[in-house]
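Each chain, written out:
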Amino acid sequence: RKEVEQDPGPFNVPEGATVAFNCTYSNSASQSFFWYRQDCRKEPKLLMSVYSSGNEDGRFTAQLNRASQYISLLIRDSKLSDSATYLCVVSHSGAGSYQLTFGKGTKLSVIP
Amino acid sequence: DAGVTQSPTHLIKTRGQHVTLRCSPISGHKSVSWYQQVLGQGPQFIFQYYEKEERGRGNFPDRFSARQFPNYSSELNVNALLLGDSALYLCASSRMDEQFFGPGTRLTVL
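Heads up: the protein sequence lines correspond to chains E and L, in order. The first sequence begins at 1 in the numbering used here and counts up one residue at a time. The second sequence begins at 1001 in the numbering used here and counts up one residue at a time.
Rather than coming from a laboratory, the hints here were simulated on the basis of the structure. Computed from a predicted structure; not experimentally measured. It cannot be assumed that every hint is accurate.
Said to hold, decoys possible - Computed list of lysine-lysine pairs in BS3-like fashion (alpha-carbon distance at most 30 Å, straight line):
id, chain 1, residue 1, chain 2, residue 2
1, E, K45, L, K1030
2, E, K107, E, K2
3, L, K1030, E, K104
Said to hold, decoys possible - To spell it out: a stretch of chain L is covered by chain E in this simulated footprint if at least three of its residues, at any positions, have a beta carbon under 8 Å from a beta carbon of chain E; those stretches are:
id, stretch
4, 1037 to 1043
5, 1048 to 1057
6, 1093 to 1099
Heads up, the beta-carbon is just placed ideally off N, CA and C, and yes, glycines get one too.
When you get a sec, could you build the whole thing from the sequences and use the hints?
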């Protein structure tokens, strides 16, 4: 079982649609949780951190359920510029190290 | 302030050769991590260095090695290249928990 699993995608949605991405992680010791966005042939960029209380940043809402080891991202009122691959990421640290474990990513295409 | 920089941007090698990739972290960041991203997959952790010491290593063969210099820049070395080493190699620097990625080096092994 992969450490971080995401919806396989791709998602093709019209402008203005609401789209939800789901992610599960296997390591219960994971400490921090993130969504990264990666444009084609570019580096990943942090979209938002994810907290158990849920957090919102404009049209983006992220949720974390530690008991279910489940992370979600909701994008409302999709824009063409939201087209990208969305990566679910968890962090582990220990013995002085800190590393990120990425899911495979879910590609989103927003269509005019 | 400049972000994370990596060189070269693209590289073509043949099987059996070795390669050195370079990374300069954001000013003030003492930790550098390396990731490999194969096409269609998420990045996979290779190494983390902090204050010139290796702090973490992912599940990669000994052909992969790295080091960090006194100015916190870093090199990733890969020996005896295989076709499967073709990937985007990403460097990330961090001061606390947030990692900032460089644009990557795209390595093609023929």
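Tell me whether the statement that chain E covers the stretch 1037 to 1043 of chain L is true, taking a Cβ distance below 8 Å and needing three residues at minimum. holds (count 4)
Below or equal to 30 Å on CA atoms is what counts here, so check K45 of chain E against K1030 of chain L. holds, 20 Å
Mind checking, does the stretch 1048 to 1057 of chain L have 3 or more residues with a CB under 8 Å from chain E? holds (count 4)
Between the alpha carbons of K1030 of chain L and K104 of chain E, is the straight-line distance 30 Å or under? holds, 28 Å
Between K107 of chain E and K2 of chain E, does the CA-CA distance stay at or below 30 Å? holds, 18 Å
Are there three or more residues in the stretch 1093 to 1099 of chain L whose C-beta lies closer than 8 Å to some C-beta of chain E? holds (count 4)
Checked against the numbered hints given earlier, the structure satisfies every one of them.
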